[in-house]
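Colleague: Below, each chain spelled out in residue letters.
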Amino acid sequence: MPKSNVLNKVVGYQEAVKAKEELAKTGSDFTDQKWATARTIAKLHPKRLTLEVSEIIDETETTKTFRFVSTNGFLPPFQAGQYINLFVTIDGVETARPYAVSSSPLQREYYDVTVKRVAEGFVSHYLLDRLEVGQQLHSTGPMGTFYHNPVFHGQDLVFLAGGSGIAPAMSMIKDVLERKLPYQFHFIYASSYVDDVIFVGALRALALKYENFKLTEVISRPPEGYDGRTGHLNSEMITELVGDLSHKMFYICGPTPFNEYCQSQLWELNVEPRFIRIEANGPPKYPNQMKDWPESVGVEDEITVTVQGKGNFRAKVGEPLLNSLERNGYQAENACRSGECSLCRVKLISGEVFNPPEAHLRKSDKQFGWIHSCVAFPTEDIEIML
Amino acid sequence: MKQYDAIVIGAGNAGLTAATALQRGGSKTLLLERHNIPGGCATSFVRGEYEFEVALHQLSGLGTEDRPFIMRKIFKDLGVMDKVEFVQENELYRIVVTDEIDTTLPASWSGLRRKLQADFPSESENLARFMKLCETITLESFMMLPRARKANDEATLVATCPNYIKYGMRSSKDVLDEFFDDEKLKTILAAYWCYIGVPPKDIPFPDLASMIYAYAAFKPWHIKGGSQALSSALLESFMEAGGEVRFNCGAKKILTNGDVVRAVVTEEDVEISCSAVVSNASSIITYNELLDHDQPPIAVREDFKSRRMGTSAFVLYMGLDCTPEELGVTAASNFICTTQDENLVYEGMQSMDELHAGMLTCYNFDDPSFAPEGKSIVTLVNLQYGDLWKDIPEADYAQTKYDFAEKLLDLIAQTFPKIRDHIEELEVATPLTMMRYLNTPDGAIYGFKQNPQDSELFRDRIESISGLYLAGCWNNMGGFQPTYMAGESTARAVLKKLKTERKECEYA
Numbered sequence: 001m002p003k004s005n006v007l008n009k010v011v012g013y014q015e016a017v018k019a020k021e022e023l024a025k026t027g028s029d030f031t032d033q034k035w036a037t038a039r040t041i042a043k044l045h046p047k048r049l050t051l052e053v054s055e056i057i058d059e060t061e062t063t064k065t066f067r068f069v070s071t072n073g074f075l076p077p078f079q080a081g082q083y084i085n086l087f088v089t090i091d092g093v094e095t096a097r098p099y100a101v102s103s104s105p106l107q108r109e110y111y112d113v114t115v116k117r118v119a120e121g122f123v124s125h126y127l128l129d130r131l132e133v134g135q136q137l138h139s140t141g142p143m144g145t146f147y148h149n150p151v152f153h154g155q156d157l158v159f160l161a162g163g164s165g166i167a168p169a170m171s172m173i174k175d176v177l178e179r180k181l182p183y184q185f186h187f188i189y190a191s192s193y194v195d196d197v198i199f200v201g202a203l204r205a206l207a208l209k210y211e212n213f214k215l216t217e218v219i220s221r222p223p224e225g226y227d228g229r230t231g232h233l234n235s236e237m238i239t240e241l242v243g244d245l246s247h248k249m250f251y252i253c254g255p256t257p258f259n260e261y262c263q264s265q266l267w268e269l270n271v272e273p274r275f276i277r278i279e280a281n282g283p284p285k286y287p288n289q290m291k292d293w294p295e296s297v298g299v300e301d302e303i304t305v306t307v308q309g310k311g312n313f314r315a316k317v318g319e320p321l322l323n324s325l326e327r328n329g330y331q332a333e334n335a336c337r338s339g340e341c342s343l344c345r346v347k348l349i350s351g352e353v354f355n356p357p358e359a360h361l362r363k364s365d366k367q368f369g370w371i372h373s374c375v376a377f378p379t380e381d382i383e384i385m386l
Numbered sequence: 387m388k389q390y391d392a393i394v395i396g397a398g399n400a401g402l403t404a405a406t407a408l409q410r411g412g413s414k415t416l417l418l419e420r421h422n423i424p425g426g427c428a429t430s431f432v433r434g435e436y437e438f439e440v441a442l443h444q445l446s447g448l449g450t451e452d453r454p455f456i457m458r459k460i461f462k463d464l465g466v467m468d469k470v471e472f473v474q475e476n477e478l479y480r481i482v483v484t485d486e487i488d489t490t491l492p493a494s495w496s497g498l499r500r501k502l503q504a505d506f507p508s509e510s511e512n513l514a515r516f517m518k519l520c521e522t523i524t525l526e527s528f529m530m531l532p533r534a535r536k537a538n539d540e541a542t543l544v545a546t547c548p549n550y551i552k553y554g555m556r557s558s559k560d561v562l563d564e565f566f567d568d569e570k571l572k573t574i575l576a577a578y579w580c581y582i583g584v585p586p587k588d589i590p591f592p593d594l595a596s597m598i599y600a601y602a603a604f605k606p607w608h609i610k611g612g613s614q615a616l617s618s619a620l621l622e623s624f625m626e627a628g629g630e631v632r633f634n635c636g637a638k639k640i641l642t643n644g645d646v647v648r649a650v651v652t653e654e655d656v657e658i659s660c661s662a663v664v665s666n667a668s669s670i671i672t673y674n675e676l677l678d679h680d681q682p683p684i685a686v687r688e689d690f691k692s693r694r695m696g697t698s699a700f701v702l703y704m705g706l707d708c709t710p711e712e713l714g715v716t717a718a719s720n721f722i723c724t725t726q727d728e729n730l731v732y733e734g735m736q737s738m739d740e741l742h743a744g745m746l747t748c749y750n751f752d753d754p755s756f757a758p759e760g761k762s763i764v765t766l767v768n769l770q771y772g773d774l775w776k777d778i779p780e781a782d783y784a785q786t787k788y789d790f791a792e793k794l795l796d797l798i799a800q801t802f803p804k805i806r807d808h809i810e811e812l813e814v815a816t817p818l819t820m821m822r823y824l825n826t827p828d829g830a831i832y833g834f835k836q837n838p839q840d841s842e843l844f845r846d847r848i849e850s851i852s853g854l855y856l857a858g859c860w861n862n863m864g865g866f867q868p869t870y871m872a873g874e875s876t877a878r879a880v881l882k883k884l885k886t887e888r889k890e891c892e893y894a
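The listed protein sequences correspond, in order, to chains A and B.
No gaps in the numbering here: position 123 of the first sequence is 123 in this note's numbering, and each next residue is one more.
To convert a position in the second sequence, counted from 1, into this note's numbering, add 386.
Hint data in this document are derived by calculation from the structure and do not stem from the laboratory.
Warning: the hint list may mix true and false statements.
Chain B regions said to be covered by chain A (calculated; three or more residues, Cβ under 8 Å) [what the hints assert, rightly or not]:
id, stretch
1, 421–435
2, 664–675
3, 779–791
4, 796–809
5, 838–844
In this text, all values refer to a predicted model and were calculated from it rather than measured experimentally.
Just so it is clear, CB atoms sit at the ideal spot from N, CA and C, and this is done for glycine as well.
Work out the full structure, taking the sequences as your base and the hints as a guide.
Modeller: Below, the structure is given as structure tokens:
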């Protein structure tokens, strides 16, 4: 400080300057912090993983488990129930799909991803038909909010799974049982057909071994002579299976119609929303059947999407914007592809899109025209900023 | 010809403000942001029906329409006043110290005096003198002191800053001890230290005085839609003025010719030339990692040596299926302590085992539209130093964060016993979460530790790299108002430099 500094007039200034000099004697110039922040974050939340298929396990006619190891040997921890978003390039189209990790979070040698064929799917066919051992893919780190939160989820857990919705449940079940957590875990597994039931052998063995784990299998389209439980997970069946509903936490994971049906049944039984956890499952397949869909617009109608400064293409109204962007060679960051994670947020400069309730937009997004492209349906010509 | 006059790295409060002021001031500006959304701390996230405010508790410096203060002018100049709506809080805060104190202060300068004089009649005259001092020292430090320093004129200082000369370098605790005997009154008046994370004995008195005065006289504010609404409004204003922004696109390097900035390299390895760079990243990362020098400039390293790492925060974001009334909330902002011993509270901020203080902010208390009908959004905060979290094995991290969340909930439940019965959504953010999203060393939320020596009064402006400017909390105070103001003043400095260079060009 120059001698003429007016602050010298302030009582205590000299002493404060001396205190600063003392601090400087024992302080660090922080050069040892170079890359320290990035390294700490990467241990928990790496932006990308490079995964290699180490094994492919046939589960059923329609389902395989892909075992992924990390090419650098490191996989971050995850909470049972979380997903990774797998990036794939299929015939020149770069896209991605989120898949729950089905293996136990207690080991990090590998992540298992269990994929069931989706009738009109794109990526599931690619993975099931073309992915081979040794092949490498990129993914996000583990993400998502569908997991047991011990602060408020309690110890009495009921999981309603439909079809491939079993994947996150498998990880949660292994977590609870392997850690010997003092939880009751009732797993109710609804499948259409008996030969569609994934992991059933392993589950039955666990149910025999652990007192705190209960398995109920329900088949909606049983073969003749089937003597197991059949039907749909309606309110009567839930009451019969679960008994006292109070203070139980319900996890629901399956195809969207299954999720919505289970939720409606729990609501009918007066289960409060704070006891219901639902995993998001992709964009709505029939947006035109939803509330507030503009009547004059059909899902097969064609519109033009203009990407500011980059080009334009034609797309169908019924196709989520993120998918049509990818098919036309544009990239947007994404992960959940169900409206929740907000990573695929883009700015709508002009035109209208239909935002279903799945789009967990912020209040100010609506004011300033930001949309979640993974669940946005352009209902007229639009221009966006990428 | 440079591609841009200025490139702003990071769309936090200071970066957004700087970018908007630069573009509106006629500079061609590019804003780079590594995340997909503007705001940095000033953001929100959605879980179920709830949109959670991440960081803003009480916005200061706005003033009312009738009695505007500096932020109203700054926001107007940035073109956002017609894009956001502010909601005034009626209370300063409620402070609870177990078995000792439970009082709520009004957000009114005269009301505050009346309330405290009624509660502490024996301190009545001292309170009147103390509050007068808070008011005058605030005005002196913000208005007169900068003038006297600029002129470097002792006579001006003596004539215009008599209170600053006497009290400006003293600690808050020291001054409270001088004015008052009643320990409870001192605790009540010092409560805002819980926002700063440095105990009253280490907070320069003008800092505490101006917090009390500014919040009480110019009111604490919320923003409709949360601080994200203001961040998005700033971005909108920036873009309307012709500014360009790239999201999911961090800066990788700041390139120089010797000691003069020439370009920025993005994460995607694209080199973009520019005349000036405004870094909203931490100064540590800017100089250690972004700047293309082997070592930070010597002046920077010398400056860093007398700095200390600042506080981070542990936060619980909670969506509750009950109203604020059902929860027992009577003020938006609440400080909950188990003890009046500030040193003990401060030790707790540096420990994983002890916890002596927490805050609860209820966002829909003054603005019912903030939460779904019949529900509430509350945030629990414990300021905590981030180095505690860095060495936890990654496999133990989740359990550690839930264990600590239980501790904070236990503390808050002493005052709000029903809080555990209504949790519909809950997210836990630790110092590592702050580190992840803010990319700051130790997850620091206010930059370096705000001890007296951190003040710019003790620091020379570092101009080792021509054209490189830092905007944010790392060489200023942390918090919303200070970072918006830092962005605005940085933009002014850059505009001045660019103008001078243009003139030189013309004459060349």
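Colleague: Each of the hints needs a verdict: does it hold here or not?
Modeller: Tested hints:
no., hint, result
1, 421–435, "holds (count 7)"
2, 664–675, "holds (count 4)"
3, 779–791, "holds (count 6)"
4, 796–809, "holds (count 3)"
5, 838–844, "holds (count 4)"
Violated hints are absent here; each numbered hint is respected by the structure.
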